[in-house]
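So the protein lines, in turn, are chains A and B.
Anchor point for the first sequence: position 148 equals 144 in our numbering, and the numbering is continuous, going up by one each time.
Anchor point for the second sequence: position 31 equals 27 in our numbering, and the numbering is continuous, going up by one each time.
A hint or two may mislead.
Since the list gives no way to pick one copy over another, a pair counts as held whenever it fits inside one copy or between any two copies.
As the list claims (entries may be wrong) - Derived lysine-lysine pairs resembling BS3-like cross-links, with alpha carbons at most 27 Å apart:
| no. | residue 1 | residue 2 |
| --- | --- | --- |
| 1 | Lys237 | Lys257 |
| 2 | Lys94 | Lys218 |
| 3 | Lys175 | Lys94 |
| 4 | Lys14 | Lys43 |
| 5 | Lys208 | Lys175 |
| 6 | Lys14 | Lys237 |
| 7 | Lys257 | Lys94 |
| 8 | Lys218 | Lys14 |
| 9 | Lys236 | Lys175 |
| 10 | Lys94 | Lys14 |
| 11 | Lys279 | Lys257 |
| 12 | Lys218 | Lys237 |
| 13 | Lys94 | Lys44 |
| 14 | Lys94 | Lys279 |
Derived from the structure by calculation, the hints contain no laboratory data.
The structure displayed is predicted, hence computed values, not measured ones.
Protein chains: 2
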Amino acid sequence: MELIDGNKIAADIVAELKTRVAALPGRRPCLALVRVGEDPASVSYVKKKEQTSATIGIESRLIFPPVTTTQAELFALIDQLNADPGVDGILVQSPLPKGINEVEVFRRIAAHKDVDGFHTMNLGKLAQEDDTGFVACTPAGIMELLQRSGVSLSGKHVVVLGRSLIVGKPAALLAMQRKSWANATVTVCHSQTANLAALTRQADVLIAAIGKPEFVTADMVKPGAVVIDVGVNRVPDATKKSGYRLTGDVHFPTVSPLCAKITPVPGGVGPMTVAMLMANTVKAHAQNRA
Amino acid sequence: MELIDGNKIAADIVAELKTRVAALPGRRPCLALVRVGEDPASVSYVKKKEQTSATIGIESRLIFPPVTTTQAELFALIDQLNADPGVDGILVQSPLPKGINEVEVFRRIAAHKDVDGFHTMNLGKLAQEDDTGFVACTPAGIMELLQRSGVSLSGKHVVVLGRSLIVGKPAALLAMQRKSWANATVTVCHSQTANLAALTRQADVLIAAIGKPEFVTADMVKPGAVVIDVGVNRVPDATKKSGYRLTGDVHFPTVSPLCAKITPVPGGVGPMTVAMLMANTVKAHAQNRA
């Protein structure tokens, strides 16, 4: 069994982007980071994005409107950033306060600045295999982990557990693309699937993204499979100072001995998300200058 | 074995639309039918769309620019139709002459008039399960055939053979939606799939859309499955006056005895396409007036 080291791969990508950005003529890429309110998890995520931007040489523009911001005010802010030629990418940190429609907000961002890849137009481009679009960071990160670990999907059976818009569906669409590293047969399973274990046991590559701690057990995995664990779940743990520990959607102790390769949690898919956001921002900068 | 009668179901839909349109206040729905050149198959398809529009009470606007039309000229025409408040839906008949980029043309049509459902934005809305979008007519027709034949997909395993943008991918996205009649586990197979028969034999509902005549044989189908045959292939047949016969992607003589239900070719999925185009036009008319 081989661990897929997301921290290492993400660091490699950040280093590559730093080299690319240093070689760019003209102004640096610029990422607008919009965080509404002071949700502690959001504060920490945005901080991480700001720090990684700085490491790479991406300018970040921090905009932190109060939690009382209305959808109309947020739209006005987004319109301003859309119109600003000095801004290449716009990230609006999720979750947004109650009363604000996230899909509408993500759709308000100009598609060519939508570095989170949540815009309807970018989802459509993913289905169309149009590479001018932006792919959501988590599924893009999964594909990058697989490629950089030497796992080709071509002709393989990829089983995706979960049909979310953020992970499951885009991961399925990526895996089935007519690309030399993709070309997978893809099955999407979810909460309504019957005989789930019989399906997951067919997976050459199993992508677990259902948000249920340690849901995938050894009987659900084919020996020799590659397992990508997207889950980040907090489970109570009295032995930890924080009172909880992080666990994935996979029961790592029993599943990992079976696998050819597996991502740990933390340190697997998680670190890739920020790296892919940075890659999307550098891509937006290049496309918007072209 | 029960035949799913696409002619009958399409006629039911046309009759329902006719009743709905007759009850509409104000002007009738209007569909612009754009056909570039005189390709005989396109002439016949557009004629059929015009006739069905007339039956329902949809006004059709026929625009037949010459085969020498440039992409820029076609864009100008589409822009005009986009801006025309009297036009609810715009259909540009495929295939377009060489040198014209179809994806770009379909993307030029205003998404809210894209009754063919090929616009990038409408594909994205399908992935987002946003019902304000338009779903491509063939996959929408497949779901309608299943629902009106009493086939619920919930918890079933749907295997889609083919990953085209026009049929395979949207059919997969529809079948996995969180709708009471959908909620299927979905596998997408294609030309690069290994052990194809082992996968198709798992299908409770098999949707064949690969464009290979009689490709699906009895050994690939589970007894009691529902089979939807999307293929329309011409194969040489000396006993026919035309010199050919139409066949689906399924070897009907040997597969049909195994099935709970199956669509014939012709007379299965085919007739649904025009019916769903009409349904999309009536929907566009309602949304554009709202």
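Practice prompt. Could you tell me which of the hints above the structure violates, numbers in ascending order?
Written response: Numbers 1, 2, 6, 7, 8, 9, 10, 11, 12, 14, in rising order.
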